[in-house]
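J.: If you want the building blocks of each chain, they are given just below.
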Amino acid sequence: MNHIPVLIPMVLLLGSMFAVFGRRSQENYLPFLIALGAMGLSAVFSIIGMVYSVTEGPIHYHLGGWQPPMGIELILDPLAAFFCLMITLVATVVLLHGEERVRIEVGDRIPAYYSSALMLVGGLTGIVLTGDLFNLYVFLEISSLASYALLATGRKPAAVSAFRYLILGTIGASLYLLGIGFLFMEVGSLNMSELAVMIPEVPVTAGLSAAAVLIVIGIGLKMALFPLHGWLPDAYTFASSPATTLVAPIGTKVAAYVLIRVFLFLFALDFMKEGIHLTTIVGWMGAAGVIWGSVMAITQRDMKRMLAYSSVAQVGYIALGIGLANPLGLIGAVLHAFAHCFMKACLFMVQTNFLHRLGHYDISRLDHRTRVAMPWTCAALVVASLSMIGLPPTIGFFSKWYLVLGCVEEGAWIFLAVLLLSTLLNAVYFFRVLEKVYLRSDGKAYDEGDIEADQATPSCEVGARMLYPTLVLAGSLLVLGFANAWIVAHFLQPMFPVW
Amino acid sequence: MSAYETYFSTVPFLAMIVSAVAVPLIVAFGRKPNLREAVTLIAAVIKFILVLTLLPDALAGRAAEWVLFEIAEGIDFSLRADPFGVFFALIASGLWILTSCYSIGYMRGHAEKKQTRYFASFALSLSATIGIAFSANLLTFIVFYELLTLATYPLVVHSESKKAIAAGRQYLAYALSAGLLMVAGMAWVYMATGTLEFTPGGILEEGMVSASGMKFLFILFLIGVGVKSGIMPLHSWLPNAMVAPTPVSALLHAVAVVKSGAFGIVRVVGFVFGPEVMATYGLNIILAVASGATIILASLIALQQTNLKRRLAYSTVGHLSYIALGASLLTTEGFIGGMMHISTHATMKITLFFCAGAIFVHTHKSDIRELDGIGRAMPWTLGAFTIGSLGLVGLPPVNGFISKWFLVSGSIEAQMWPLVVVLLLSGLLNAAYFFPIVYRAFFREGEKRADGRSVWEGVGEASPWMVVPLTLTGAMSVFFCFFPDIPFRFFTIATRVTQDIMGGGLPL
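Protein chains in written order, with my numbering: chain W, 29 to 527; chain P, 792 to 1299.
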């Protein structure tokens, strides 16, 4: 029996248990090394699993040898493997990048921080792998608890905003639990592949509809789907920068992945589409979120808060793709989840770099000297911004391309208009920052004195350990952009046999 | 897919990439201006030679093709040097050599700042332009089209003055919105036809999209490419973008960027919709009305401008629509005229901008009313200006005469009499806004200084870096009137492309 599926989350969760030991001191490097080792190992297992599942087919793993209806099943198919790889890779890079900042911002609670980080990533990979709805709930709570703890680190208000997130997150989890309770009552199983066969056969009852609605709302809260996003901007803004950089790119994306699985594999798509119009509702919520998030992002002065609102908008894209409920739209949704994971991580790193060197990330206080002082960080900002706006040849363009194709196929012209409009709004709030960083704001023409002043400005680029992770992620946006057809062909299309 | 016999070759790719490769070198040599400019010139020459090597095969109907890989489901990222692409690439890369020389004279003469950023962006813009010329399908086209927008943005905001930043914002807003509408249009075409490959005679067929849908789709594309080619009312970024240094206005805002738009219009009409669909759904009428109105309105606005560069900008807006108008006629002569105007307007307008820049750098005058008597001080510059003006009016012996001749005869062939009137009227208006400048320059006395001597006394020609290129482009404009086919076979290519488009096209 192939043990890869269980090894991926288990390495991380075990690491989490060991990382917690040790002195509470800023000089304690052991937790960091354990975390890095566990993440790296888990990434290696993900790669092995990915190769195996692509060549040999999906791995079904029965925990403890118990057969599915009773026991817990983990399923490693190409898409799940790919998602695991994305989560662990991005988390590893983020961890490397954040090490210095963690010592500054988290202080002597380093063991707890890395333990939570490992628990978060372990929980998220578990969510991706599990084939059992109740087990999914367990992993969901593991990762959520860890993210409450992580987001509570940082400035004073962080404790309050994390507490609000905790309340709302718990409500979401409870609704989800209630939903699977209904489902178990109506159908009598919690194994996903079994449910997928059984649900179309049972009569559509109020209970079944209630189950679907509760699950969608519960997950919607976790993924910050408009208008259930209220917890997100504060939680991301006030938390310490390394914590935000870790949670923001992967947390909401995995929730979105769960939503896709629920729609596509659990309930029959026809039921969700025609029966209770849930796809349409989710699509409209997404569309509203796209516009709302983008408009709110434009009004922010605080770069971190701007990025947080932009996350609301980006989750909206994914929901919009789900709402289209056709293969192209779903491919766009999943691809956008990948894309957003990489680009948002890169942007939060840029923000952390600004904080590290300039001591602030207030957009109105950035000026052209920033670029002179931190040329590479600013270059990464350009690439990530272009990807967020959706300009070719970055991955951000191609995920939007599939979404646009999906809109045209469905004849969803309003969604199409929303996509195009939001691109412009994205351009507004990112070019606002770029203009600040690259051009002079005083409106005076350049003169000799300025050149001397520029040359006199000392370079204060961040150190290699923060710079290289940022650049690697920025570069990956271009690489992924050119590789998008390969990703779609190998990992996404097999999942959507309707094509 | 293609009507051309294709063979694999990396030359189109190399021709595209060479100036992009020069960018890091230009940045690296930022503190050694001579070396930096040498890189630009070498890249320009290599690029032109590479494009030139593609010419014989393009004429023979064989297209060099370079396919990278599938970049999105069912769509390749590929460059193909078909005759029309080579035609445009030749013009852009050839004039880049002259513009580079001119840039060196201008930027140094004017002691401009941030020259490294300037030359780097310029090189990147040229890569994007050649990419546009050689794009084998719409998706590749849009990749380079957006890249061109981004690469030219730093050039527009070059001076970083309030005006420049405002112009840059406007440019981005216009160009990015246009790109988006084109993406929407592309998605629609892809869903309807299953391909995005540029095919002579078009990929859309009757009945693939409903009649009203077809009109809507065409308007999406028309806005998409129309912004860059300045079709009214989408033109207003162009006069404002004149805050950029003059070489930018010369090559990008008279040739590369705006012609990419015009090139795009011909691509869309001839290679996406095709003459048959255009005629069946009356799409050519939309294009004809838009371009005809633009020609007249832009000329009228140009009359009122007193700033030389702004007058030239409005003149550009008008002349770009000549190309669109040629495409809208859907006749052989019309297409030939439109395509020829891509090349003829390029040499004439670049001459005029070069002149304006030379005058500005050398004498710091940009207002037409200050130019009385300047012709005697700068005879070569103003002589070239006169040639360009004559050509744009459409008079022989300048090459503008040829394209205009074909456009007029194409309109007559299509029996679109209002367009004949538009073209003739536009000629008169062009004369009305260009000849006064020439008259002031040569036949009026310059202002007198306090001591009774003319302001022009002691003022000579600008630096040879500037005067030689503008004299050359002026001379080329005359030369191409008599020999449009030597040495680059512009006329033959235009004829050949027209045959390819019309071949499967209109019922005779």
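Honestly, the hints are just simulated from the structure, not real lab data.
Just so you know, even glycine gets a beta-carbon here, dropped at the ideal spot from N, CA and C.
Heads up, some of the hints might be wrong.
From the derived model, a few chain P residues whose C-beta atoms are all more than 12 Å from chain W [what the hints assert, rightly or not]:
id, residue
1, Ala863
2, Tyr936
3, Ala1266
The list that follows gives simulated cross-link-like pairs (lysine-lysine, DSSO-like), each with its CA atoms no further than 27 Å apart [as the list claims (entries may be wrong)]:
id, chain 1, residue 1, chain 2, residue 2
4, P, Lys1006, P, Lys954
5, P, Lys953, P, Lys905
6, P, Lys905, P, Lys823
7, P, Lys953, P, Lys1156
8, P, Lys904, P, Lys823
9, P, Lys904, P, Lys1239
10, P, Lys954, P, Lys823
11, P, Lys1239, W, Lys464
12, P, Lys1156, W, Lys464
13, W, Lys464, P, Lys953
14, P, Lys1156, P, Lys954
15, P, Lys904, W, Lys464
J.: Hint by hint, say whether it matches the structure.
T.: Going down the list of hints, with the structure as the test:
Non-interface status of Ala863(P) relative to chain W is broken: a Cβ of that chain comes within 12 Å, the nearest being about 6 Å off. Non-interface status of Tyr936(P) relative to chain W is broken: a Cβ of that chain comes within 12 Å, the nearest being about 9 Å off. Listed as a non-interface residue, Ala1266(P) keeps its Cβ farther than 12 Å from every Cβ of chain W; the least gap is roughly 35 Å. This hinted pair does not check out: Lys1006(P) and Lys954(P) have alpha carbons roughly 37 Å apart, beyond 27 Å.
Between Lys953(P) and Lys905(P) the CA atoms are separated by roughly 17 Å; this keeps the pair inside 27 Å, and the hint holds. Distance check on the hinted pair: Lys905(P) and Lys823(P) sit about 13 Å apart at the alpha-carbon level, within 27 Å; holds. Distance check on the hinted pair: Lys953(P) and Lys1156(P) sit about 21 Å apart at the alpha-carbon level, within 27 Å; holds. Simply put, Lys904(P) and Lys823(P) have alpha-carbon atoms about 14 Å apart, close enough for the 27 Å limit, and the pair holds.
With a C-alpha separation of about 34 Å, the suggested pair Lys904(P) and Lys1239(P) falls outside the 27 Å cut-off, and the hint is violated. Distance hint between Lys954(P) and Lys823(P) is unfulfilled; the C-alpha atoms sit about 30 Å from each other, more than 27 Å. Pair hint Lys1239(P) plus Lys464(W) does not hold up; C-alpha atoms about 46 Å apart against a cutoff of 27 Å. Proximity of Lys1156(P) to Lys464(W) is assessed by CA-CA distance (about 32 Å); at most 27 Å being required, the pair is judged violated.
About 13 Å separates the Cα atoms of Lys464(W) and Lys953(P), which keeps this hinted pair within 27 Å; it holds. Proposed proximity of Lys1156(P) and Lys954(P) is supported: the alpha carbons are some 19 Å apart, at most 27 Å. A hinted pair counts as satisfied when its Cα atoms are at most 27 Å apart, and Lys904(P) with Lys464(W) qualifies at roughly 19 Å.
When each numbered hint is compared with the structure, violations occur for hints 1, 2, 4, 9, 10, 11 and 12.
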